[in-house]
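Dock chain to chain to rebuild the complex, using the hints, since each chain is given by itself in its own frame.
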Amino acid sequence: MCLEARAQSEGTDVPKNFGTPDQPSTAMSGKLQETVTPLQIGDTIPEYLWHLPLQVVNHPEGKEAITLDDYRGKLIILDFWATYCNTCIKSLPTLDSMQHRLNSDIEIVLVNAEPTKDNIDKINVALARLHTSINLPIVFHDTVLYRHFQITGVPRYIWIDKHGAVVHITNRQGMNWDSLMDGLRDQNGGDIVSGKVISEGDGMPISGATVRLKSRPLETAVLTDSLGAFNLPYDNLRKDDSLLISHIGYGNQTYSMNAIDKRRLLTVPLTPSERILDEVVVYSGYEAIPKERATGSYIKLDGDLLAQQVYTNALDALPILGNSVSLAKRTNVTAPRIMIRGLSTLDGPKNPLIVLDNFPYEGDIENINPNDIENITVLKDAAAASIWGSRAGNGVIVITTKKAQYEQPLSITVNSNIKIMPPPDLHYFKRMSTSDIIDVEQFLFDEKYRFSDTSAREHPPFSPVYELLFARQNGQISEAALQQRLNQLRSIDVRDEYNRLFYSNGINQQYALSIANGSAHNAWQLSGGFDKNLSVLDAGFDRLSLRVINDSRLTEKLTLSTGVNFTWSRSTSGKPDIGTITQSGGGLPPYTRFMDDDGIPIPFEKDYRAAFVNEMAELHPDLLDWNYYPTEDYLHDRSTTTIQNLIGNLGINYRIFNWLNVDAKYQYQRQHTDGNTLRDANSYYARNLVNSYYQPGEESFAIPKGGVLNLSDDEVNAQSVRTQLNVDQKWGNHAIAAIAGAEVRGIYTNGKGYRQYGYDDDILVAFPVNYNVNYTSLVTGRQSLIPNSDSFTRLSNRYVSVYGNGSYRYKERYVLSLSARRDASNIFGVTTNNKWTPLWSAGLAWELSKENFYRSATLPYLKLRATYGFSGNVDPSLTAVTTIVYSNVSPYTMSSFAQVNRFYNPDLRWEKSRQVNLGVDFRTASNRISGTVEYYEKKGIDLYGPSPLDYTAGIGRPSITKNVASMRANGMDFMLQSVNTTGMLKWNTTLNASLYRDKVTSYYLRDRNGSQFVGEGTNISGIAGMPLYAIFSFKWAGLDSQTGDPLGILPDGTVSKDYNQLTGNGVSIEDLVFQGNAMPRFFGSLGNTFRWRNLSFTFYLGYKLGYYFRRPSIRYNNLFRTLDGHSDYTLRWQKPGDELHTYVPSMAYPTSAARETFYYGSEVLVGRADHIRLQYVHLAYQFSDIPGVKALKDAQLYLNANNLGILWAANKEGLDPDYTSSTAPMRTDIAIGLRLRL
Amino acid sequence: MNKLKRLTYITVATVSAAAMGSCETYLDEKPDSKLFVPTKVEDLQALLDNFLVMNQNDPPAAEMSCDNYYLTLQDWNNLSEDERRLYTWQDDYIFPSYPNQWSITYQVPFIANTALHNGTLLTEEEQQKEEWKNVRGQALFYRAKTFFHIATVWAPAYDPASSVTELGIPLRLTPDFNEPSIRANVEDTYRQIISDLKESVRLLPPLAITPMRPSKLAAYAMLARVYLSMRMYTEAGLYADSALQIDHTLLDYNALNPSASRPFERLNAEVMMHTFAGNLPSLSNNRAKIDSTLYRSFVENDLRKELFFNDNGNGTFGFKGTYSGGTGGFSGIANDEVYLIKAECLARAGKSEDAMHVLNELLVTRWKEGTFIPYEASDAGQALELVLTERRKQLIYRGLRWMDLKRLNKEGRNIELVREIGGTRYVLPPNDPRYALAIPEEIIRLSGIQQNPR
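Chains as they are written, first to last, in the working numbering: chain W, 1 to 1238; chain S, 1 to 454.
Calculated from the structure, these hints are not laboratory results. All C-beta atoms in this analysis are idealised placements derived from N, C-alpha and C, irrespective of residue type, glycine included. Among the hints, a few may not be true.
[What the hints assert, rightly or not] Computed beta-carbon distance windows for the label pairs:
#1 Lys198(S) - Thr1054(W): 50 to 60 Å
#2 Asn178(S) - Ile652(W): 50 to 60 Å
#3 Leu73(S) - Leu501(W): 34 to 44 Å
#4 Thr39(S) - Pro787(W): 24 to 34 Å
For reference, chain S alone in the conformation it holds in the complex (with noise of 0.2 Å):
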């Protein structure tokens, strides 16, 4: 019986062992050592540096719906039936249901959001040091710049006298995917993304150690075009100023070599802040054939023409690509742009002289060595006309043409777009509803959020 009674609570202790006490650190093992509950500033910043999401989501159906390119009938017909119907401005179905441009777009504000949430969670030491500062400021800057674009493709053209009626973007500001998805209007949507930049800015370094990530440059430039936008032009030209404060540097385009297929380096001096837009089918360079007045409008020794463009052989021309090195349209920040917002607030403030400097600074860079003539503009319309005729140029396929047909519009420019396909006309009138896209059905199901009017 002695011998029952040990056996006995031998077992017992291995089971009661095992059942409590010891199991609660035996079960406190991570199933898998690769995850970590991110819980220090290095884990926001390495969750910010993933390139691969934060920097090339952006929405590229701003350049698919403007007039850079047209398709002929054979390459049209070649496209899935979605592509189909958002080149020809189509009021539904333009996107295809999951995985779809608006997805992979709001997946940025969702790291940016998921960085800022977890800081706050962030130890006091924690959220004492340097780096947090910067990697808030990143955050802040990314669901910003986001927001900007989803709203220049979802949501109509900033306008002060509707700005409070007319329907903005869901601005989701916490990464709890629980929260339903409201629109907000289009005021609450330009105030959440210029609150975020303005904070951002005082966050953020004047320059990063590399423009992957956001800088306090990035970000004021940001604020200039999202300013430009919203045709607030004092403002606009403000922040371009400051931001070239920091940074002015211009390439050379006399150092690049035209025969390449690619003449343009990713990073490059000029690139301040790179993101850029994935392509789609009818974007890619062997379909996308070049606008022929566009193409016609850059001049004999603008090396542009040759850097930009290639000849088909059959009289028409291909994009070769920018500055995002890839095929995939540059949508980040480079000097240049910023150099024309500030041309275009100056000549909108009526001070054509200085306007006509800062554009001849950045087109000397453009032409064949020698052969600029700096351009000249008697008077404040003038000097606007020729910085929108070059802003038009330089800043092909960079996703901002659709910006700026939406607040040129706005201003009675008139800009009819048209469209011939297979001896079908379509034409999108200057201010049409469908300048904001429709978006995808099925999240207009899932979240119940209203439709863009049509």
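Here chain W stands alone, though its shape is the one from the complex (with noise of 0.2 Å):
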């Protein structure tokens, strides 16, 4: 033995009292043997040593005392040491990692002896010096064990087995890997092999990776864990066996078994570099294509990316993360649209086609739960999309659920995570003061404004200042308590009133739990999830979903696929958002309170005065309470909205041959809304109405008492049949995959509305009413029916289609790609539904890479692309015939009559886009730096467009859709990965980058009258030659210096004031300024992960360059109507000078429309948008192990924060250019959450 001299060697210290290794101390030798027998190796350790209790520290789950009985089954290591002992302090690190690797296994206990004098502050100071933690139990002030195993010096290495026998007593040199897989092999019985699977280009640990001996059943094999260890126990080892080890997306490593040293810890390098790319395969919802045969452009988003935001539907991660998406926000506030590289359509449908696993999705998007998705595919050229056919013109997007593998080890994963939301800034709005609007009110009122109301038969309310100035004016008060009245007005705020009695943090908080499993012949996943939602308004929305996926290898030959997806959610309303709560043709007064100091609700005079109210209730005692209570309504007034969905699948391929299969699918959906609308009793909608329809003369109610109820109904049913025929052969350098299929679907829409008065929801009951009389109203006089809601709908659309895709391959370096398809519907015109005109596309691709003239190391792997091809578009809610719809029944006739609702369009058809698409896909050595670059030319042919109208023809609308527009487009996508680190901290970046640019080329557009051009950029322009979002702009010319009054420049070019000639016929596109794009011309994200141990941290932050928006300013014909003015007012033109230093023209009254158009479309209120905001943060901490819980494989903490805010703006004023005047930005919310893997 050697131990001594080379524990020596190492600079052991000395112990003091224990004795030198060689020295041992007689003292203690002596007493040893008066107590107790020695073991030896071989000796059986007593009974009560089992359960001897052990003083504990450093215990990893905090016990204070053991047993070894505790640890009984697994191999017990017992190491005596000492903190003067530096080689054993040394070796702890490899200890904790043998323990942290072999947990199932083996039990590792420090035990320090009593003679060490080491105490509980030695064994600290002794750990800390190792600046990492040490999972290990020690024991301390050990007066028994150390003398059973007759403990000289230290370390020392005492192995028990589970049998309580000593198979080995070792110093520091027989502590290792070696000996211990001996160990483990003469505990189990059998033998083991343990190791790590990691990447081999980045050495990133790889988890999840199955392994297993070749020859066993799947069931015997181990995944490994969140480090990529793995320890996989065998016995009988058959002579010719190998190790498997394998994982989706990496190439398979086997090992003979022979070959493997087994004493040591094997390290498995998967995926030799240049392969796995290769094997990236995207979903076009037709095939799954691998990407080295792919000629167009896709980008593929998986799981784990996805799964770094927190979020209820399942498409709001891809805008962020999808090369050149974007979101059409400012456009489309209430529902912000998705856009895969712009626009290709003016008028048309502007949303991408979702397509669900297979087929297209009709539902609510809200009905898939993101837990489920696997990965998303985006399709954005025509050779991508083109397998669409004429809905694939605004890109599709493929979201591929998860799904179980054939010969997949059973899993469970369960996610769960809680976001808050706090309320939206309301102070983000610049408004007046409200001081100052009463100073307005004042003015008003002097000027008689709205006088003329007090006698309208309407009753319609006046402000509470305005009620104040007419008790003044009438002699009611004195002017002293005017005064006094609108001093207390002048420092109320009504949005502090909203953030204290309506908005509050909202939560969401989302579980999933998920279940897989595989053997040969079969594989299933049952999923299910739960969220539950609400809002900063109490608007809730909950979801359930469940899914059931199975496969099934019935022969050889057959495979048959069945799933299940159900899913009910119920969204509920809240309480009322600002902007809700106005006064009848008015606004909502901003020092209005909604409950005083005492929490008395105070009443809002939301329709009439509350002198009309008063006299009414005097007058008529049967009336009910006609006061409208903001805080307390939104209780009587609910409406709920419950959705039930249900897909069922079912799919039949059948293998001809190896290189031919046949494919038949069936999908059924079918999506339930129920809605539901209570305005109970007390609810101010349902009093209002029956006190309007209350009959004096008859003292009756011509609606009952009770509430108003508002149910719907709506059905739709989907059904899909798809038959295919998949081809896929080699022979020597040549390769072809093709499809070809047939696909026929209905989608089929039922739906009814009704009304019931008088219901009461606690005996459900309702009151018919008579919907053919005219009643005369209380408030009016005027004579009217009673308002009916019922309607019904039934719709029904259908396709037929064949397609075909394919590509042939040679050498596999050259790739040709062609996919054609040929659409009908009982939607189309009848022209385009009798002529065969499909839609196709054709690719080139060459992996320059593989030529044998290719020799760069820099860039190992190099491919070029090339596409054409057309996509089509559709509004299924046009027709090319002659119309009428039938509506209620008329009192006076008693029969329905009937509206003209389409008009005789028969050269309707659908819109054509062609696209051409040139990329370059590339990776340098090693993977450091990966990408692609795109550049790309889209050509919108027969466009939908409003045509206008002259409407002296009298179809009720002033313009008609027709295919009567062209546009055009370009672009660049740039995707960058680049690897900056590898070591410890690693370091990873991925740069989306996009150049975008597009023109309306041509447009039937006889409406020459500039002034509909100018806007806020959020209408589509359509003139010739000028990008399809574009800002126009009256040209300004400062103020009036005399009046402040706006002035600008007529077409003659003279300086003027006639706000009618600046705005009005004579106005040409010409006499505008033309001030930019309103849509993003260079956008992307930039996102970076930092890798540390355990730890990762990601960023992203979202950049939108190159675009103008229109600043809000003060509008005084809104001021004047709804008591809600911009800040702007206080920069106002006031006296003659003020023109020098403001762009603010001074307050007129009476207002003039023209003036206001055209201030609020003059040059000076636009501005750069651009602006860079950092959009997330994730960060994560993956747990090796969670101490007893042996069951456990991964744990992941994770805290993401969403909607950090903009870093940086163009725009000096503090506006957020993704929102309009009308809306508050979002702010951070933040999402706390834990994702476990048994």
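Written as structure tokens, this is what we have:
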């Protein structure tokens, strides 16, 4: 034994009282001999030692005492050490990692014997010197164990097997992986092979890889943990057996068991780098295409990346991550629209086609549980998308859900998170102060503004300030009292009232569970999710989703796949939003209070003056309370929408030959939407309606007292059948992969809506009303019918399509692809359906780096691609014949009357989008930088456009949709991924950058009135040669120095104040200033991920550059009407000279609509919208192991913050250009979650 | 290989079946079951029964331009700019861009034309039905009546001396919106109106099941109104008489409640054809003040003084509304108007006694019971004056004053309209070109039709 010498050579401190290994303390030896029989190798420890309580520190679970019995069954290794022993301390990290790796099989217990004189403090100091945590229990003040094992020096390792036998006593050298493996082999009565699986490219551990012996069934396989480690025990090894390591997306690795040195820890590098990316597969919804075969433009986002953000809607993560995917927020405030490579249409439907697994998804996107998503493929160019034919013009988003693999061991994953969303910042809006508004109201009062409304039959309400001024005018209050009241009001800001009474933090909770398992013949997955969201206004959204999918290999050649997906969701209304409580014909006075200091609700004069309401109450005691209480009313006015969605899938695949198989797929989808809006008897809505229809003559209520219940019931049924032949054959240098098929699809919508009056939710009773009698309104005396909202709809859209898609590959480096599809439908015009005009595409790809002459070491992979093709876009709401639609029953003729609904338009056809795409894919050596650069050009042909109509024709609309326009767009997409550092700290960067430019090339537009193009850039301008979304303005010539009126320039060049001329028909587009694009010319995102040990940190920046927006400013006509003005009011021209430093016009009374239109459309209010924002940060901690929970394979704790705000903006006003003047930007939300894998 | 053949066959069969034969019928399904291609007389009747368009789209611009009311400066300030300009008889920009009175009013001829056009596509059997004649008559009536209202507002008064040279209105006679609009001359405009009405007289039943639908009675009365406006008094009188032959019911105003906020019911016994013009803010009861001279011309026992007007409590009076039953001005046909046409034509024909008889028959129902002293006229001239005075009083807010101003000024009555707003005086001299209002500028640009001369 050379332990002692070695220990000394390593500088082991000489124990003071313990004796050196060479010179055992005689005193101690004597004592030992007195009390215990020393245990030798081969001895079994006495039973009492198993149960001896041992005082410990540093226990991973915080225990203060253990017994060896706690670990019975494992290989127990007692490490006798001391704090003065450097060798001992240096070895601790290794021991810790051994313990970690082999946690289920061994237990290392550190023991400080009493003679070492170590105490807890010394131990802690010693551990602290290590700068790493040691998760091993430490027995201290041991007085028993060291005697049993005759410890005379440290370190010393005593190995005790599951039977209690001392199998080994070693020094430091004997404590290594090899001996441990041996020990385990002995322990288990079999063998074990241990190792670590890493990615060859960057050395990152690969978790979830399957490791098994080739001859053994899948059930015996083990999966690697989050650090890539595995331990595979086995026995009775067959001589020729080999170890098989596999993981999706990586190449398999096999090692002959004979060749493996089982005494060493095996390091398994997976996937020779050249092959890994080649095996990436993209999904078109019809087939899975290996990227090597693809000529088109695809982006694939996998689940891990998508899971970095916490969201309810499956597509929410897409815009920031997807290359060239953007969100048109400003043009669609309520439902921002996803755009792929900008626009392809002017007036047609602008949403991309969503495909869920194999079929177009017709339901609500919120039905899809984001936790079920395996990946999302975005089909960007015509070659990728044209397989979807007439619906692919705006690009296609293919969502692929998770599926179990054959031969996959049982895996259970759990994900749960909670997200907190703060209420919007209402003070973001730059509003006039309450005091300024009160001053304006006093001015208006002096002008006798709205005085005539005091005798209007509608009895419209006035603002509280106006009521006070009326009271003063009528002598009801004194001047002093008036001023005192006004001063009180001046300090109120209704936004504070909103914050206090309505807004609170929103909370979203998400729970998801998924179980997957696969044998050689069957693979199944079961998943469930539950979401519970509560908005900042207490509006609720609950969703429950359940999915079962199963794939079976029925025979060698026949596979059957079945799937059922059920979603139930319920949305409930919440508290009133800012902007929803307004006075009839006006706005919300800024000094409004909803609740007084004692918590008593204050009624709000919504529709009538209080005086009228009080007079009516006195006159007709039967009337219900006619006041509106905003703080309570929402409790009595509730809407609930329940959606149940069921999707059933059935698929059969029969392999005729290895190179030919046939697919038949059927999908049934049924979405049932139930709407329920109950304004109960106490709601203002119901009370107001009941009172308005009170018939004083008969002292009766034409509308019965009680609630008003609106019910709706809509059902979408969609059925699709598809048959498809798939060919995949290689011979020599040639390879062909092709599909051809046909598809029939029907979507049927049935809906009805109806209303019940006098409804009582407790006893479930409603009362009929007479819809056919004119009643006199109590308010206006006007005759009117009782509102009837009964309606029925039935829609059926049918499509028949045939398609084919194929690629031919030569020498694995030249690829030619072709795709064609023809659609017919019951909605296209006759001419279109009768013509055989398939939408087609073709593409070429050349993997240059495979050529023999190619020898670049910097770019070992280089591929060039080019595609050309067409896809279509169709608006199902257009028809080609004149149709009428029957409405309600006329009370005069007692028969239904009809309206003309659609107009004869025989040439109506789908829009076509032609696209050219050129792409380069490249990778540098060892994948340090990889990326794609693409150039594309799109041309939209036969685009729908509202063709302005001489409305003398009388069709009741100013324009009609025709295929009148065309457009052109081009752009470049860059996607770069780089591995910046690979050491302890791993740093990866992803850059998405897109250049985009579009213009209208022709538009059959007779309307030449320039002012129609002036606006916020949120409408398509449709001027040939100009961008689709452009900002045009009136020319500005400053303010009149005498009056503060804005000045413009007439077409003939003269400065003028004639606003009708400046904004009227004489103005053509040439007389306007084109200020720029309203859509970003340059946009994208930059993501950085840092990994250090178990910790990862990601942040994404989003940027939009090269575009313009119109700033909000004061609009006096709005101010007077709604008492809501912009704070630019304070900057307005007030006296001569002001025009030198302000552009805000003076306040004019009476207002002129044309003057307002001119100022609001003038060039002074346009600014650059460029900005960079911090989109989200994601922090995750991967637990290597949770001590004591053996079953847990993986655990991740994550923290996500979203919408972190603008980092830089070109505008200096603090405006967020993504939002219009009426919406406050979202504030940072924070989510925390836990993901577990069992 | 057999298996392969079989499978390939099945696939090919499915593909081709879907692509060809069966899909023709599969794709014949209507995309929206609510949509009907109008193929039956009932469908066309249903189109004309759309009272939301057919019975309430008359243009209020005529009433807004005339002298039955005035506005205070404050109320005028409150109006939109185009209404302020309309009130003061400006040359241009008196209507907003779409939607405006032009677009709303022209919807009626479009529906009428759709019914007429689709009628020609009906099967032989459908066209034989009695209902089709009725529908065709209704459609012609609606088209003619609306053209007449449009001509009253946007075309000069009919003058046989210049009717061929002056611009009338675009006569849209088909539902094809691709057809360009062209302004017919005044002569053709009125000829079209009259020929449509005359044909409808032959097709319509004497009375309709509801005054919401046109009838022969309404068509006679409408012809009387049109001829009156053209100053063809013999024809006007004859058609008024024909109408009264069918129905001459008058309301007894004594039976009405003057304290009610709306004493008149919609579709009352006197109403033969109900239509009305939407109300714009300047005409609303709380703004428009009744011309004080006009108000004072109603004598003490005249029931109309309280039935028509409300006291604003500050020395001004508002108009309560009459036969429309709502705030919109009634523009339909009621027997009172027909009585007045007949009386006027009799007076103009020199039959002053007959004229007074007809007038008194009407007026006795308007006076407090037992207080009416029948009018007597010494000569035809006096009879005409009496009838015209009563016409102005009875037919207030019916959109007829504008037509009367136009035709009476043609006869040299020299009625000058004056408005005062904030110290500015606006005058509309007799026979001013502005009696034909400016067509919305947007329409001029979109259609290229000529603007009215200024």
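Right, here's what the structure says about each hint:
At roughly 54 Å, the beta-carbon separation of Lys198(S) and Thr1054(W) lies within the given 50 to 60 Å, and the hint holds. Distance hint check: the CB atoms of Asn178(S) and Ile652(W) are about 52 Å apart, consistent with the given range 50 to 60 Å. At roughly 42 Å, the beta carbons of Leu73(S) and Leu501(W) sit within the given window of 34 to 44 Å. Evaluation of the 24 to 34 Å hint for Thr39(S) and Pro787(W) yields a pass: the beta carbon distance comes to about 32 Å.
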